[in-house]
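Participant: Residues per chain, in single letters:
Protein chains: 2
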Amino acid sequence: MSFSWNVSRRRAIGLAGIGVVGAASVGAGVVQAFASETDNSVAFAGEHQAGIVTPAQDRLHFVAFDVITKDRARLISLLRDWAAAAARMTAGRDAGEIGAVNGVPEAPPDDTGEALGLPPANLTITVGFGRTLFRDADGKDRFGIAAQLPPALDELPHFPGDVLDAALSGGDLCVQACADDPQVAVHAIRNLARIGMGVVSVRWSQLGFGRTSSTSTAQATPRNLFGFKDGTANLKLEETSLLKEHLWVQPQDGPAWMTGGAYLVTRKIRMIIETWDRSSLAEQESIVGRHKGTGAPLGRTAEFDEPDPAALPEGSHVRLAHPSLNGGARLLRRGYNFVDGSDGLGRLDAGLFFMAYQRDPRKQFVPIQRNLARHDEMNEYLKAVSLGLFACPPGVSDAGDFWGSALLA
Amino acid sequence: MSFSWNVSRRRAIGLAGIGVVGAASVGAGVVQAFASETDNSVAFAGEHQAGIVTPAQDRLHFVAFDVITKDRARLISLLRDWAAAAARMTAGRDAGEIGAVNGVPEAPPDDTGEALGLPPANLTITVGFGRTLFRDADGKDRFGIAAQLPPALDELPHFPGDVLDAALSGGDLCVQACADDPQVAVHAIRNLARIGMGVVSVRWSQLGFGRTSSTSTAQATPRNLFGFKDGTANLKLEETSLLKEHLWVQPQDGPAWMTGGAYLVTRKIRMIIETWDRSSLAEQESIVGRHKGTGAPLGRTAEFDEPDPAALPEGSHVRLAHPSLNGGARLLRRGYNFVDGSDGLGRLDAGLFFMAYQRDPRKQFVPIQRNLARHDEMNEYLKAVSLGLFACPPGVSDAGDFWGSALLA
Numbered sequence: 001m002s003f004s005w006n007v008s009r010r011r012a013i014g015l016a017g018i019g020v021v022g023a024a025s026v027g028a029g030v031v032q033a034f035a036s037e038t039d040n041s042v043a044f045a046g047e048h049q050a051g052i053v054t055p056a057q058d059r060l061h062f063v064a065f066d067v068i069t070k071d072r073a074r075l076i077s078l079l080r081d082w083a084a085a086a087a088r089m090t091a092g093r094d095a096g097e098i099g100a101v102n103g104v105p106e107a108p109p110d111d112t113g114e115a116l117g118l119p120p121a122n123l124t125i126t127v128g129f130g131r132t133l134f135r136d137a138d139g140k141d142r143f144g145i146a147a148q149l150p151p152a153l154d155e156l157p158h159f160p161g162d163v164l165d166a167a168l169s170g171g172d173l174c175v176q177a178c179a180d181d182p183q184v185a186v187h188a189i190r191n192l193a194r195i196g197m198g199v200v201s202v203r204w205s206q207l208g209f210g211r212t213s214s215t216s217t218a219q220a221t222p223r224n225l226f227g228f229k230d231g232t233a234n235l236k237l238e239e240t241s242l243l244k245e246h247l248w249v250q251p252q253d254g255p256a257w258m259t260g261g262a263y264l265v266t267r268k269i270r271m272i273i274e275t276w277d278r279s280s281l282a283e284q285e286s287i288v289g290r291h292k293g294t295g296a297p298l299g300r301t302a303e304f305d306e307p308d309p310a311a312l313p314e315g316s317h318v319r320l321a322h323p324s325l326n327g328g329a330r331l332l333r334r335g336y337n338f339v340d341g342s343d344g345l346g347r348l349d350a351g352l353f354f355m356a357y358q359r360d361p362r363k364q365f366v367p368i369q370r371n372l373a374r375h376d377e378m379n380e381y382l383k384a385v386s387l388g389l390f391a392c393p394p395g396v397s398d399a400g401d402f403w404g405s406a407l408l409a
Numbered sequence: 001m002s003f004s005w006n007v008s009r010r011r012a013i014g015l016a017g018i019g020v021v022g023a024a025s026v027g028a029g030v031v032q033a034f035a036s037e038t039d040n041s042v043a044f045a046g047e048h049q050a051g052i053v054t055p056a057q058d059r060l061h062f063v064a065f066d067v068i069t070k071d072r073a074r075l076i077s078l079l080r081d082w083a084a085a086a087a088r089m090t091a092g093r094d095a096g097e098i099g100a101v102n103g104v105p106e107a108p109p110d111d112t113g114e115a116l117g118l119p120p121a122n123l124t125i126t127v128g129f130g131r132t133l134f135r136d137a138d139g140k141d142r143f144g145i146a147a148q149l150p151p152a153l154d155e156l157p158h159f160p161g162d163v164l165d166a167a168l169s170g171g172d173l174c175v176q177a178c179a180d181d182p183q184v185a186v187h188a189i190r191n192l193a194r195i196g197m198g199v200v201s202v203r204w205s206q207l208g209f210g211r212t213s214s215t216s217t218a219q220a221t222p223r224n225l226f227g228f229k230d231g232t233a234n235l236k237l238e239e240t241s242l243l244k245e246h247l248w249v250q251p252q253d254g255p256a257w258m259t260g261g262a263y264l265v266t267r268k269i270r271m272i273i274e275t276w277d278r279s280s281l282a283e284q285e286s287i288v289g290r291h292k293g294t295g296a297p298l299g300r301t302a303e304f305d306e307p308d309p310a311a312l313p314e315g316s317h318v319r320l321a322h323p324s325l326n327g328g329a330r331l332l333r334r335g336y337n338f339v340d341g342s343d344g345l346g347r348l349d350a351g352l353f354f355m356a357y358q359r360d361p362r363k364q365f366v367p368i369q370r371n372l373a374r375h376d377e378m379n380e381y382l383k384a385v386s387l388g389l390f391a392c393p394p395g396v397s398d399a400g401d402f403w404g405s406a407l408l409a
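First to last, the sequence lines map onto chains A and B.
Numbering-wise, my numbering puts 170 at position 170 of the first sequence, and it's gapless, one number per residue.
Numbering-wise, my numbering puts 174 at position 174 of the second sequence, and it's gapless, one number per residue.
Derived by calculation from the structure, the hints in this document are not laboratory data.
Misleading hints may appear alongside valid ones.
No copy is singled out in the list; a pair is fine if it fits within one copy or between any two copies.
[Claimed, not checked] Taking lysine to any residue pairs in the SDA-like style, the calculated list, with each CA pair at most 20 Å apart, reads:
#1 K244 - S324
#2 K70 - G346
#3 K383 - G341
#4 K236 - H48
#5 K363 - P151
#6 K70 - K236
Chain A on its own, in the form it takes in the complex (with noise of 0.2 Å):
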């Protein structure tokens, strides 16, 4: 599954007919311009999704569709075509050609353009189910699962403190698509939502312009902004045992359609950064947790160094999201920066897309949350307007297979 672009994209191109010159002059240029580390693909099947543990990307699309079909047979044939798509976009290839139907130029193309002659660039297309889609809001079992419906997909509480717009939060379905180059992960999900038309219609979807989390040791952590170095202590890829206790759903925790799947959180949050701004240091470290230049815990002196949660401020972020006072549970964390234009009071509109994958979220996010919820002193920093919860089942095998076919095959 690791085409290189140049026998992908680019060869699309010529098979569609377009011009015996296309080729040639797609392939000059563009290498000169585009090619570099982000010339790799990952790998699109596999036993879990892609995207969960893949060593966290630099760029993120994010996605949550309504079903707007009854039909079960239409979101049975969606996915699967959906799935063809993501196998093609992860290569570095079109999601069809973009020649159009059997290179009929009076059909509508089966790619939208803008990633052509663009590598792959680790493109990962994550997909999640939402609470309902198994029974939508009057209670409904449109597609005849509601019997499946994991007992770790329940409601999440309300936390004191969200302001959620319900038009921003939950979904029938998310897709997470993540790359390198912004541009591949925009491809990626327009022409999923392409596909998609009359079946599913974009109900909200967010942009991460910057990751905030290492999901590798191999990964340097990034800054989320507040400015300081997030995600440190988070789960990393290479933990194999930690991943099977805190992350991928195993065979006793049912429903069988789940195991070696992640529920993933997602929670748009509104840093009030302009407050942040006039705050001291020592009081923005104080809050933290941590010194802003090094990362290390408050006291220490290198970022790896243990936190020892009892010497940290009682109201700081990192002695509250501690294992140590949340039972041990521990998160995947995958966020982004965000900042979407400005807020009309003469602010920027910015913060941070706050994604977590997860075991079961009643034992992980739910209690920390409800924590932080209570004392964390960055709150009054904070605006939680979006809340998303999403079930994403296991990897999809090479062969027609598609996100849940286990589910609803």
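Position chain B relative to chain A; hints supplied.
Facilitator: Showing chain B alone in chain A's frame:
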């Protein structure tokens, strides 16, 4: 002006005294993750502002500010502070010492921190003045500069089809930050906004995730969200005599303080991509006037083949924008693709943030856009929601100079 990052943002941490281990630990991991071709810096000072003919960087953060002081001295002081911070940041340094004024942790930091350890990433910071800086909405000359208002900064006419949002249009000042790393661009805008607290207020702001123009013959032509190569016929930095004719304000143009500057038109254009994606390849190519795969003008074979406007469809974009139909007018375009989430109607809110620099918009942007607004078949798929016009003064010289010093000092 070309410090490498490891004697800049890294050194800043050491100087601020955050901890002796800081410099070493920030250094190690970050180099591995981020060092790349973006490890370069662009000179800040010069005859012209950087960020106009500078080879278009991959990412954009653009902001328009309202000036909320009536005090000319405070405005001048802000521009001077901004120039000092811009000189530091474009060299890959912090906006001011992270350890706060004189290393006092009880003061807010002079840099917000999220770019610590990141390379200069070819950051450029380009500043422009809106018409309302000279004469506000009530016709008031707040800063005693109304007599210096350039005639070329005339209010733009209304173009048929535009549905402009006043809150997303205009502005007293604009700042364009371009960089190859979006976190570096966001950091620059955010710190200028922080420095400007009490003097300016964010009016609107726009992120662009991918460039849609090349401004150098060394760059490959990128694609817009219609999937087509965009800006093939753009003015390029190598074409120095064309730049003199079409881009840089000349001494005979007046006013004197604008000599060596240029006028910037910004236009946020929502693309109705869902409708576009349902149109046939043949129709798309006929509307654009180019082949989708190669970017060649219709009927020709290679991207840079000269189009014959008379041979192109009458309502095609390339024909209507061709200099031969617009009195020879040309533009230096510097647009970016954007996705701003979704529109609440089941669609992505996506499009092009158009930016074009020029010597005189009355002779360039206005006639070209009039022609396009009337006849362009692409209009069916476009909706302009924001418009801006800014006078970007010449470059800043090294020592304590600032943008528009010849106008304001």
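Participant: Compare the structure with each hint and give your call.
Facilitator: Hints versus structure:
{"no.": "1", "hint": "K244 - S324", "result": "within (19 Å within a copy, 66 Å between copies)"}
{"no.": "2", "hint": "K70 - G346", "result": "between (44 Å within a copy, 17 Å between copies)"}
{"no.": "3", "hint": "K383 - G341", "result": "both (16 Å within a copy, 18 Å between copies)"}
{"no.": "4", "hint": "K236 - H48", "result": "within (15 Å within a copy, 47 Å between copies)"}
{"no.": "5", "hint": "K363 - P151", "result": "within (12 Å within a copy, 66 Å between copies)"}
{"no.": "6", "hint": "K70 - K236", "result": "neither (39 Å within a copy, 53 Å between copies)"}
The earlier numbered hint that this structure contradicts is number 6, and it is the only one.
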